[in-house]
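S.K.: Residue numbers (our numbering), protein chains in the order written: chain H, 389 to 693; chain V, 389 to 693; chain U, 389 to 693; chain A, 389 to 693.
The reader is advised that the hints may include incorrect statements.
Just so you know, same-sequence chains aren't split out, so a pair can sit in one copy or run between any two.
Below are the DSSO-like pairs computed for lysine-lysine, each with C-alpha atoms no more than 27 Å apart in a straight line [unchecked claim]:
| id | residue 1 | residue 2 |
| --- | --- | --- |
| 1 | K641 | K630 |
| 2 | K619 | K424 |
| 3 | K589 | K424 |
| 4 | K630 | K410 |
Hints listed in this document are in silico derivations from the structure and should not be mistaken for laboratory results.
4 protein chains.
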Amino acid sequence: MESIGFVGLGLMGQPIAANLIKAGCRVTVFNRSVEKARPLRELGAQVAQLPQDVVSAENAIVLTMVGDDRALEEVTIGPAGFGHRLGKDGIHVCMATVSPDIARRLQSWHAQRGSYYIAAPVFGRPPAAAAAKLWILCAGGAAAKPRVRPLLQAIGQGIFDFGEDPGAANVVKVAGNFLISAVMEGLAEALTLGEKSGIDKQAMAECYVKALFPCPVYQNYAPMIVAGGAKDVGFALRLGLKDNDLVLAAAEKVAAPMPFASVLHDRFVSAVARGRGDADWTAIAANVAEDAGLVASSLATKREG
Amino acid sequence: MESIGFVGLGLMGQPIAANLIKAGCRVTVFNRSVEKARPLRELGAQVAQLPQDVVSAENAIVLTMVGDDRALEEVTIGPAGFGHRLGKDGIHVCMATVSPDIARRLQSWHAQRGSYYIAAPVFGRPPAAAAAKLWILCAGGAAAKPRVRPLLQAIGQGIFDFGEDPGAANVVKVAGNFLISAVMEGLAEALTLGEKSGIDKQAMAECYVKALFPCPVYQNYAPMIVAGGAKDVGFALRLGLKDNDLVLAAAEKVAAPMPFASVLHDRFVSAVARGRGDADWTAIAANVAEDAGLVASSLATKREG
Amino acid sequence: MESIGFVGLGLMGQPIAANLIKAGCRVTVFNRSVEKARPLRELGAQVAQLPQDVVSAENAIVLTMVGDDRALEEVTIGPAGFGHRLGKDGIHVCMATVSPDIARRLQSWHAQRGSYYIAAPVFGRPPAAAAAKLWILCAGGAAAKPRVRPLLQAIGQGIFDFGEDPGAANVVKVAGNFLISAVMEGLAEALTLGEKSGIDKQAMAECYVKALFPCPVYQNYAPMIVAGGAKDVGFALRLGLKDNDLVLAAAEKVAAPMPFASVLHDRFVSAVARGRGDADWTAIAANVAEDAGLVASSLATKREG
Amino acid sequence: MESIGFVGLGLMGQPIAANLIKAGCRVTVFNRSVEKARPLRELGAQVAQLPQDVVSAENAIVLTMVGDDRALEEVTIGPAGFGHRLGKDGIHVCMATVSPDIARRLQSWHAQRGSYYIAAPVFGRPPAAAAAKLWILCAGGAAAKPRVRPLLQAIGQGIFDFGEDPGAANVVKVAGNFLISAVMEGLAEALTLGEKSGIDKQAMAECYVKALFPCPVYQNYAPMIVAGGAKDVGFALRLGLKDNDLVLAAAEKVAAPMPFASVLHDRFVSAVARGRGDADWTAIAANVAEDAGLVASSLATKREG
């Protein structure tokens, strides 16, 4: 298989990189805090000192899974960014949830250098990444896709192709996160109504999951909403707000009003204000309960803003 | 099996009554417009001239599936209502989507006469009713449930019991309809963003259904939302507004704010204003598109209000 | 001047009735709790034992200022209602904030008996009523208005005529209350943003009142919003919710979406849920502050719903 | 009086600069398109070729009135920016509606060079600027204010001081614009309800302005809302959306949810989508009417997004 670079070893990047190694790739990794690279070194990865050092050959492929637009820009086109070394026919595969805007800007940047940009954001949480069961949204230059496809197949259970505009994949991704957060808000409102009406919240949630929505997102989220938010932080509420900002910005750009997304904006902002920014994003259920005068199981206490 | 009365032979009532006959019940039916009773007569039903005539024995069970609170009141406690004849230990099983309030009032009314009220609203559209695959939410007097249970089993695939307050089943039902309408709105907002971003709406919808929400509500509704609303009227938008009114009233009564339900209120009202009151309720997708400056496939044209 | 009946001696009814006496009318009053009639008796009013007893002559005029639709119905067309005695060319002037619907129904009821219904809801709080400085919205049968006009002039500083449909005056009234509550919400949001940005809320409010909105509603309300709600209950929040229900119902009836009114609905419901139903309606400012993580000056403590 | 520089001669900058000349200042102006400088030259202004050339002396004062954050940055700290020449004790007075963020960043930038930044955004439209009747919000370094004060007095009718954080003045300004847009939305919703209820919109608006809100903002805006938007573009809707973005960003930064501002966001976005981005911002009234099924007087036709 390919020699590839991999930048960003967070909760998602780690298992994805591991699966690529298992699939036979020679992988050179970079992460800001180097200790996260250790488990991968044990699996056989090379560890680079700078982003630019993940490029070990001409014509390379580099996958990135970093936190936000700014970090992506730095590791790619910053002073030590790998982009400068990618060279003709090199490929940058960006798997993170970033803005459609930066996807389009980086595509242009690469095009000027003869390299390619492929957006490949994913649906799935860390366990799905570990099981190579991610769903992958893919968009970007057609010429680069054949080389990228086997890599994506090694880490996911399905690929959806959204054409040549890399921003398209990011729009689909942030709108998908919006749909998940809308499920959370809807369930929280319905169950709070139930609780205040004297109905067993859990029985109510089970009824909805069984009769209306027997699928993973509801099966996973409904119990967390019943509990007023998950104890373990799978996805920080503050990042949920960031993704909500991305979908609202993308929608403003093309002049598409999204009233549900606006309600969710207010919801996330209020949750941060009440000290839940670092809690799991399902903690918005606690805010919904408080707005109805219920004392939410206190998941977080510090106030901020 | 039991001798039962059945009032209300609309799109849902017809197949439910037919399944009860097939299950071996002797059924006496009443419907305001008598021609709808014909198919059931051919299956062996008696046809009553007045609501009160569906009670053929002491200790009877009467199921009702009528349009709204007012119709329910009339057939039950109106001058020719069956309630007056139900007598001691008679049971009224109300399957329609009505307000929690009227459920509680009718329970009291029956209790004063020694009869019982069981709320048994359902999830499922006409095809599910025909296939005896409804999901049934059940609440009311415990003493009456054992006799009612076999009837519900004959028409559904599962029963959820929400205790003795019949209003509880109605709250779960209207909140469930709220969740379905929230799915419609969420999908419509996401797909409109996609369309204005140059993305193939249908591919986007398929991605969400496959990767995030592989369950019947999304599988059924996503294509209708893509189309800007279903051609066939499975559930009239005007009734969607009525159900939204029910959930908001139930929520106001227990002081539970529901901002998504409020957005949906505005959405349904605007759809009625633009002439879509008699269209399928999925036609709210056309309003979402119009708000983004797209010319919605015109499902309805007359304006009103 | 006229012999008139007056039903409803609350915070507004008292000073209005007093001004009519001072203007030379012979007034017969009725109030459910009779002690509220005492001050008026001292001014020369007759005190009736039943609503119907306020009609002392043929061809009478009766003004009503009662709490809601139900109370209005009872005193007018209930068993002891004055409506039955009003007779041909009698006039019912209804000054309360009731629904457009009941206005239209009572107009029909009176029309069948040869009597008239005039809707005359007012803007202004108790001090304005005492000073005969109310603004009066007037609608109803043209034939009755000349006799009513001098009475309205005796209690207000201006009359706006909205034609023959009495519901029109009520629509203008409930929409006006909506505008006032929108001012409250807007100020609360702006000042909360200011407070969290480290800005002196009071200086900020004074700036807006002076530079943008130098008029009574803002001059009166801004300091109450700064304080997180008025200490004295000029208008109970629970009644604010009732009026909001009226405007939303009137808007749904004519298919006019009102997203600001829907936000206010959620706001009032949440404020009731947090125990502020009996506080002044300006207490919604405390909810706005709490949603931003601020500890609102606790105006009320009991929770409900 | 002072020798001052003035950058930005748009609808507001022109009359402000003119008033400073009339007050006796020696003024050097800069504008991107030089023809706008001509009227001021006739009044005695010097015309500079580059932003940096407006600084004619040590210790200078430069006022800026430019369109947005980006333009402000360019004229101040760009390659030809005047900031580089301002020198010790020089003062930059920024009158435009920009973000609190850039105000704080520029304050730091100036502080490092011994110069001062004063935020001085204004309330008032071009006629008020011409009449020297602006209301001025002022914040920034205390040491610089005494020299700035006479200049501000020469162009306005009142100054509100919000302390040393220049961002504070910008927060007050964008929140003030939010309050004005909330007035527009509230009036549009109320008058649309009225229109669909068969009420004369204009009479209804006059009633509100006279009885509830006798102050300039309502007196000016109500007739424009009645008309479905102003014919003349006093303030482009697209800029209204930009200001709404500023207030939402400022609020998110301090974790203050603003549901009215979110509704306005959706409103402005939808108005842009329906081709009203270049219309006056009062054209949101046309969108409110359309959402209620009314055919809005077509103020703009091209669609975009």
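S.K.: Looking back at the hints listed earlier, which ones does the structure fail to meet?
M.R.: Those not satisfied are hints 3 and 4.
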